[in-house]
Each structure stands twice: as C-alpha cells, then as structure tokens.
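Trainee: As a plain string of letters, each chain reads:
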Amino acid sequence: MSATPVTTARPKVLIDTTMRNGLIVLLILFVFNSLMTPNFLQMQTLSVNISQVATIAIVAIGMTLVIAAGGIDLSVGAVMALSGALAPLVFMSDSLQASPVLAVFLAFAVALSAALLCGLFNGYLISHLGVQPIIATLILFISGRGIAQVLTNGNLQTFDYPAFSVIGTGKFLALPVQGWLMLFLAAAVYWVVSKTPFGRYLLALGGNEKAALLSGVPVHRVKIGTYVICSLLAGIAGLIVVAINSASDAARNGELMELDAIAAAVVGGALLQGGRAPIFGAVLGAIIIQLVKYTLLANGIEDEVALIAKAGIIVVAVYFQQSVKE
Amino acid sequence: MLNNDGFDLRRYLRSDMQSVGAWIALALLIAFGLLRYENFGGAYNFSSFLNYNAMFIVISLGMCFVIMSGGIDLSVGSVAAFSSVVAAYLSPHGLSVAMFGGVAAGMCFGAVNAFFIVAMKIPPFIATLATMLAAKGGALVISDAQTIAIDWSSSFTVLGMQQAWGILPWTIVVTLLIALCLWLVLEHTSLGRTVLALGGSEDASVLMGLSVYRAQIFVYLLSGACAGMAGVFLASGFGAGQPLEGIGWELTAIASVVVGGTLLTGGKGSVLATIAGALLLGLVFNILNFENGLGTINLSAYWQMVIRGGFLFVVILLQARVSRPLQPH
Amino acid sequence: MRNIQKSFSGVVALGAVDLDVLPGEVHALIGQNGAGKSTLIKILTGVYKRDDGEVLIDGEVSIIGSPREAQDCGVATIYQELNLVGLRSVTENICLGYEPRRFGCFVDWPKAHRDAREVLMRFGVDIDVREPLNSYSTAIQQLVAIARAVSLDAKLVIMDEPTSSLDEQEVEVLFAVIRGLKRDGVSVLYVSHFLEELYQVCDRVTIMRDGRSVAVREIAHTSRIELIAEMLGRDPGEIESAGMTEFSAGEAVKGEPLVEVSGIATGRQLQNFDMTVHAGEIVGLGGLLGSGRTEVARALFGLDRLSKGGLKWCGEELKSMKPAEAIALGIGYLTEDRKSEGIVPGLSVRENLSLAILPRITKGWCIDRQQEREIVEHFVSALGIKTADIDQPIRELSGGNQQKVLLGRWLAISPKLLLLDEPTRGVDIGAKFEIQAIIRDYVSQGVGVVLISSEFAELVEGADTVVVLQEGHSVRELSNPGVSEDVLLKAIAEPASGVAA
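Chains as they are written, first to last, in the working numbering: chain D, 465 to 790; chain R, 4 to 332; chain F, 4 to 504.
Chain D extracted, bound-state conformation (with noise of 0.2 Å):
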C-alpha cells in the first residue's frame, strides 16, 4: 500500500465516446452522400453546406457554455436578429458613407454591443435575481425580435456593401470566410475552457455549484460572463447571416435557432446538467445536422419534413444522453 509517484499527465485525450460516435455518423453520412447524392464532392456544395454550417456552429459554441455552467439561452435567435438589423442601420447611414472601414468597424461595435448588452441582461436576472434560465431568456426571447423589427420599422434592409459583405460571401484558401470564423471561434473558446481559470470555473460551477462556491470560485461573475459570451457569439452569427444575404430580415434572421444550436451543443456531447463542454463536440453536432438536412433535402426530400427529421434527432440524442447518464 505504498503510495504510488505519478510522473507523467495521461496524454490529453481530444476524442472521447460521444465525439468518436460523432465523427462515425458523421462518416456514415459522407460516405451516403458521396455515392447517392450528385455533385455532393464538389466545391459548390461544400462551400454552401460550411456557408450554414458556420453560424448554427458559432451558437452552438456559445450555448455549449452556457449549457456547461447548468444553465440553457432560448434568447440567441433573437440576439442574432437584433445584431443583424443594427449593422446595416450604422455602416448604411449617411454620415458614415465617406469611410466605409469605419462604418463597418462601428457597425460591428455597435451591432455586438447590443449582444453584450442581452448577454448582461440574461446574466443579471439569472445570477442576482435567481430567475430560472429559461425563463429568464425568454423575455428575450419574446422581445429581442420585436426590438429589432421596431428599429427597422420591420423593413428588410438591402444593401451592396462588400466591406461588411465580405464575412458573409468572401473566400480564403477557396472556403468561405465564415468557415475559418467558425474554427477560430471554436479554437479560442476552446482554450478559453481548457487554459484559463474561467473556463475551469465555469465546468466546475456546472458539475457542483455547492462545491464550486465552497472552494471559492467566483460563481455570479462566471455564470454572467457565460451569458455574455452566448450572447457576443450569436451576435457574430447573426452579422455573418446578414452578410451572406446582403439582407438584414429581422423577422427571419434566427429563427428557430436556439432549438438548432441546443441540438448541435447535446449531440456533440453536451450534458444537459451541466459540467462538460465539448466545443469542437458543438462544431461536430452543427455538421451532422446540417448534414442530415443536406441529405433529405438533396434527395428530394422537401424541406418540411427535414423539419421533422430534426425534431426527431433532437429527441433521440437527449433521450440517450440522459438514459447514459443514469
């Protein structure tokens, strides 16, 4: 019964089960796509299947943390509206036509200012005030839209504006510019989890707040900063939807996305409770869905039933996820 040294850390293991049975399913639908579907191994596909893949996975991002420190955002949809209806009203105003990189730099300001600003919000009621999560986002939920339509007077804002488009339609490397937003994205919040003492806080407040405010952790600042870090990302989507578009439509920019990007955060691993978040996971569910959506839709499957497919995905991953749990 000695005690035994420890030398050396296990080497960090970056693909658990629910990412192994990820990427499995995730080859499964390659492979489908490749033989069934026509064109599918071409560039023009990929680029439009990494073009919607970006923002659902840019949320996903935000609501993984948000779900990892035991709480949930039903308001991100809305945040993406508002952000993607204030750009355009900023970088499109007349006094800013003169320097087009200013107003699109104010435009971003301003835009995720707004998003900081919900995120703050949600924290607030949440920590403070002790509001339950859900209900505490859904009055954004409810009204975060309605803002956005009240400052755009419900108009879609049109607009030709490559200095702000360009996040939204340009291309790097061949592939879209979203694309390497969504892996720099991921990139940064994952070492934000994995290096710093906010990251550590935030699975620790979600695994056991009892024990996380016994041992010191700061948990109001962590649960608001979690909050506030949804709501920037779904900001950033939000812009990247409008540029794509080179529309700002507040009534549709978003829509239905939280319950998209709760699914991409659960099938990539996840846990509803609380303590675990699986960024690059949220990434991996984002692709899979849009994936099965791809594979409907290209085979002639219409639209209205993929909605449905998606429903049933979303139920079958929580279903399994809780029944593992126990």
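Do not rely on the hints blindly, as some may be mistaken.
What the hints assert, rightly or not - Think about it this way: if two alpha-carbon atoms lie no more than 25 Å apart in a straight line, the pair counts; the simulated DMTMM-like pairs of lysine to aspartate or glutamate are:
1. K659(D) x E377(F)
2. K493(F) x E461(F)
3. K342(F) x E673(D)
4. K659(D) x E380(F)
5. K257(F) x E464(F)
6. K45(F) x E190(R)
7. K114(F) x E190(R)
8. K342(F) x E437(F)
9. K315(F) x E263(F)
10. K158(F) x E28(F)
Stated by the list, open to error - Partial chain R-side listing against chain D, Cβ under 7 Å, derived:
11. A133
12. L136
13. A137
14. R311
15. I319
16. A323
Read the hints as simulated data drawn from the structure, not as lab findings.
The beta-carbon is built from N, C-alpha and C at its ideal position, and this holds for glycine as well.
Keeping the supplied structure of chain D fixed, place chains R and F upon it in accordance with the hints.
Mentor: Then chains R and F, alone, in the frame of chain D:
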C-alpha cells in the same frame, strides 16, 4: 377562490394580488378606451375583439395548466396551425366533424409531448420545442405549404363568423364553456388540485401518494387540445387553414398566463386570472390600434412582441420577490 | 419488520434488521449516521424496495411498492424536510389524494375544511385552514403533516427528526400530540438523535448500528449511557466507571491564537459556542449527531451568518465573511458530504485538487499547467492517492481516494486554519493513519485545525483540546493528554447544567 365555505373577498385580495391587479388594470383600460375612442364600445369592436382573442384565450387556458404543473409547452402555436389545416380540410363535413378533427389533431401532439416528457423523461422545454418543429413541418406537409380554404357553404363558418344573440361571437361562447369546465376541474376535482400540488413540489407530491403521472399526462393532452381548438377558431374565423400561422402564440400565452398571476415556477394559478391576463394583453393592443388610428402615436405592429416581453419582464421581477418556498427555519 | 436486508450497488446498507412496533406504542429508533435508519424508513414508506425479509402489518405480510401503497396500508411518514406543498392550503395538504367527494367526482370543500379544522383542533391548533401552508411556522406545518397522517387513519406514524426545527414550547406541543396519538391507539416510530426527548415520550427503543438492529430496550429501564454505548458498540460498564481525571496541559507547542469565537450562534443548531484555536493546535469538536459541530465549521468559514457573538481572526474582529474571503485568509473547509459539496464529478483529479488555488497558479490569462502539475503530483504522492494518473476523472476513484483529493485541495492553499469535518469517514484504516499523520505534520508547522469527528478514538488520539458540544452549546473543554474515549463519552453523555434537557 371558491374552494371554501363561501367567497371571502379579503382572502382573495390578499393572496391573489397579482390577478386582482390584472382585473383592475383591465377595468381601467376599458374605461380609458370608452372615454377616448368613439367606436371603442361599439358592437363591431366588441365582437371582433372577442372573436380575435378567443384563440389566444383558449391557448392560454391550456398553457395555464401546463405552467401550474411546473412545466411549459412551446408547441402550441405550431399545433394550432396544424389543427387549422386539419379543420379546413374537414370543413365540408360540417362544424362538429371539423371541430372534433381539429381538437383531436391537437391532442395527438399533446400525447406526443406527454410521451416525451413523462415516459422518456425529456425536459419539457426541449420536448415541446421538438414537437413545435414537428407540428410546423407537419402542417406544411399536409397542406402542401398552401393555405387551405374552408368550405364556405358548410356550417363550419358559423363558429368563426357569426354571433350568438347577435353580439357574442360563437368562438367566445365556446371559450367560456371551456373555461367553465376547466375552472371546475381545477378548483373542485382531485385532478386539478394534484396539478397544482405537482407544480408546488413534485417530490412532496410523490411522497404524498398523489397520482403525479396522471396529472402530467392530463396537462399536456389538455394543452394540445386547446391548441387544436384555437386552430379550429383560426380556420373558421379567417376562412382558411394556415400552416404558417401560430408563430409566437406560445409566447403570448405564457405572457397572458403570467400577467394573470400564475407563478411561472408552478404551483399557483387560476382560470379566471388567465382570462384576465389574456384580455388585458389583447386590450393593450386594441387600444394601441385605436391610438395609431388617431394619429397621436405611430407604433408599428412590431411593438407587440416588445410589449409582451416587457410585461413578462415586469411580472418576472415581481414574482422573483414574491414567491416564498416552503422553508423550515 | 423482520430480517430486512437492503443493498445498494453491492454496498450493504442494511444487514439484518428486525423492528417490532406494538399498537399504541411510541417506539424510538436511534443510531449514528450511516447506521441505516433512513434506509429502513424508506423501505417502510415505499420509497425503496427491500432485497430480502418481510414487512408485516397487523400480522399480515404487506408488499409496499410506493408511497401511496404505504399510506393505504396505514403507514404515514413525517419527513425531516417536511414533504408538503407550501403553496397549497392547509386543508389540501391534509386531504390531498383522499379528498371527500360530493356530486360524484367533485371535491366537497366545506366538508374538507371542516374535517381539517377538526383534526387540528384535536392538537390544540386553531388556524384558518384555507390559508396557504407556508404562511405558518414550521411547527404548525409539522402538525399539519401529522394531521394528514391521522386523517388518513394511519396506524403507524413515522416521525423523522421531528424536533430539529422546533423551539421548546413547540416541542411540548408536539409531545402532547404524540401522547394523544398513543391514547387513540396509533403507534409512533420516533427517529431522533436528541436522546433526552426519548425519555419524555417513548416506550421502547430499537438501536441500530452498522446496518443491523442490535438491541431493543425499555426506555424507562435504560440509562442514557447505556443507549450511547449500544449505538457505538461499547461497554457501558467501562464508561460508567471512568471518572474525570486531572488534566495536565497538552504537549503541543501552541502559538498565537488564530481564531477566537465567543458566544456565537447561527440559528437553531448552534446557540452558544466558545472556542479558541491556536496555531499549531488541533481542537476537536466532540458531540453527538446534531449537536452543532458542522454548524461551527460553517460559521468559521463564512457560510452561515452569526446571529450572536463575535469572531476574531489573529486578534482582529471580523464582521462578516464569505467563503472566498475565508480562503484568501488561509482557512480551508473540508466538508462532511463529499458527494454533494466536495467533488466535481465531471472533472479530473488534477482539476478537483487545484480548484481552490487557481487564483494563485494563474499567470496572466492562463493557468500555469506546469505549476499545477507539480503541486498536484506532490499531493498525490504525499497523500498516497491511488490514481492511474492525475487526469483520471475523480468519480472513478474510491471514496477514500476522493477524500484524499479533497484534503489535498485544502492543503494546497497553504492554510493557516483547517476545518476538517469527518475527514476520515469512508476511508480505510491505512489511509486514515496516513491522513492523520499528514495533518499532524502540518500542525507541527504551525497550522491550526478544527477537527470534527464522530469517531471518538480519532478525537482522543488526534486532538490537543476537545470542546464538547451538546445541542448547540459548548459545554466542556477537555485537554490532552488525559482524554480517553471513556472520559469523552461520559462528557458527551452526561447532561451538563445549563443545557435544556
């Protein structure tokens, strides 16, 4: 309220401050409207207001039960849309068939919700979000993404387009009947009280030997049925089944329920108060319309969601301070 | 109940328990933490299913599969956490599930209210039964719970720690109600750790230890010391004959006072407590379950607010404190229940161990992994933590090793004062000694320790001074050398003057 030897005004005022507040606000708004706008009290505004809001009241009633039991149902809007299409398809066969079909369709989704939540133990907001998607998709599928006109020659049109005694839309009559039944169930049956106990504390309810599963299944079936009925109202009132309607209805319902004094965390609520809440919210928008018409303000319709969210926010703040959990000191 | 057995995932919770309750009897059930009392109760009330043995009610075998079935069989339970619905009215809490009916399926409210009022009147409680339950005090709520039991025609009412939230007067009311139940032929199974109460209401007592029922006694013919002896498995004769010896000053070199508390109270469980801990001293807190020991630790760590009394740290008055501040001062708190308050199950050994010291090993934005690894590995080997590597998920470790990780968490903050609440519970003998040796090592370097333990041997061996608590009061101070287990037992068992008996 009436679950005692007699109606005790003092107790009601004390314990249900919030719903009392809602009634008072309602009365004040009505007085304001009557004074300010010419046609406010007129027959046309009266019946069209009630006809339009009947849908929301019905959905709010179902939602009220779900929330009282400690859950939530985000699928009601899409289920209503689905049911409106079903009712439209069945309209040639007359009012009863179409109504039955619509409500039954709603109940099927309610059963799916109940299965997810009770049997598969999936958290209600995820389960009902998923059902919402499925209902949305389903509505588009069966309608081929078109609005489905109802059979104008059938008796189905009576429901949404005619009034009892010339003044009271049939939709409201049906709604009031439903409300009466639900009030009876809530205040005077074991099932109703179990729903409230469940929302107050699920653990305690289990240990007290209450039939918790029965209550849970009931509320989700009820919510589905109410959404179905709302869909029937929709089809009948607007002349067509509309697969894309219903967006945001669940949020209106939640806001109505909460404004009326039901605790979002469950365990406390009333049928009457929910009606007050729904009417209040509806009236706010009615008045805004009038005000817009007068030209004094120029609020676009988009303010609706913002105002609903605002109501919810205020109520949540109030409830966060008011609800007191059972605590041995 | 005969020969009841119950295991949870291979760990035997109940070995062989026999329990006999006669009609109209108030039967006590006592035992220390982990003896199996609550498991037994849960079997009787249908929350758990027994593995073996049988339950007989009125001589007939009963299968109790759910709380509802238990109630239908006439077994009602008043839980410590009062499982009633606060938002509902008093009447509903009494009759829900069994409401009187009229017109078929409708509840007969007038009758329900009348019945509720009647039942409560029998207990001498006159309240408006239509009000929500949570508008009344805990004492009243408890009586409502009993009223529910009575109105369901319970033959056996189980009361789990009924007086833990009641004041003296309320306890008297409760006892009067219990005596009333007895007169009506209803049996009561009374579970409590306040031994004094047993002498006031109970007839017989069953003592449980380590998952078995070990003795059944008549209360009137059993002394308190005999009860404690059975609970702990000791010989009452030995304890009886131990006298109080002279205490000489302890050998430990005590430094400056680290923390001094005088007359502190934080509520029901801790009412009047004095203690001084010096640097380099181990102060043990001895007392039975519920005597307030954990509450002392919570107060020192800033988790509970002081309603009375003062606290001084290194000579300076401290007004209020929060856990994070306590940690910054150098106070560490190893909690009693590692599962609910200690480990973060999803994280690794390394992450759990370093949780409290993260601010100190952070350079700029990042955690200094190198430093973290060094610290963690140091403690893993120093504490003998058996783990495949420091990145193993903590939930895969045995209970004893998990405890060591938690101890490491607090040792890592270079503490000045350690609050250890049952540090060797669920830890094997070898590890126990290792932990104790490590603690003494730190103490010899000037760390102060408050040691809470239900194992008297540990206190006797480890502590320099022992403060004895009884029901929230500090009643005695004993110094080592000179404290033996029997002396300690006697100090705990004998009612001291000034404590409510």
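Trainee: For a C-alpha distance cap of 25 Å, please report whether K342(F) and E437(F) respect it.
Mentor: Holds, because 22 Å separates the two Cα atoms, which is no more than 25 Å.
Trainee: How about A323(R): closest beta carbon in chain D under 7 Å, or not?
Mentor: The hint holds - A323(R) has a Cβ within 7 Å of chain D, the shortest such distance being about 5 Å.
Trainee: Let's test the interface hint: is any C-beta of chain D closer than 7 Å to that of I319(R)?
Mentor: holds, 6 Å
Trainee: Would you check the hint for K158(F) and E28(F), treating anything up to 25 Å between C-alpha atoms as holding?
Mentor: Since the Cα atoms of K158(F) and E28(F) sit roughly 11 Å apart, the hinted pair holds (cutoff 25 Å).
Trainee: What's the verdict on K659(D) and E380(F), does the C-alpha distance respect the 25 Å limit or exceed it?
Mentor: holds, 19 Å
Trainee: For the pair supplied as a hint, K315(F) and E263(F), is the alpha-carbon distance within the 25 Å limit?
Mentor: holds, 5 Å
Trainee: Would you check the hint for K45(F) and E190(R), treating anything up to 25 Å between C-alpha atoms as holding?
Mentor: violated, 32 Å
Trainee: Are the Cα atoms of K342(F) and E673(D) separated by 25 Å or less?
Mentor: Roughly 12 Å separates the two Cα atoms, so the pair holds.
Trainee: Between the alpha carbons of K659(D) and E377(F), is the straight-line distance 25 Å or under?
Mentor: holds, 16 Å
Trainee: Could you check if A137(R) really has its C-beta closer than 7 Å to a C-beta on chain D?
Mentor: holds, 4 Å
Trainee: Under 7 Å is the threshold here; is the Cβ of L136(R) close enough to any Cβ of chain D for the hint to stand?
Mentor: Nearest chain D Cβ about 4 Å off; hint holds.
Trainee: Return the status of the interface hint for A133(R): holds when the least beta-carbon distance to chain D is below 7 Å, violated otherwise.
Mentor: It holds, given that the least Cβ distance between A133(R) and chain D is near 4 Å, below 7 Å.
Violation of the numbered hints given earlier is confined to hint 6; every other hint is satisfied by the structure.
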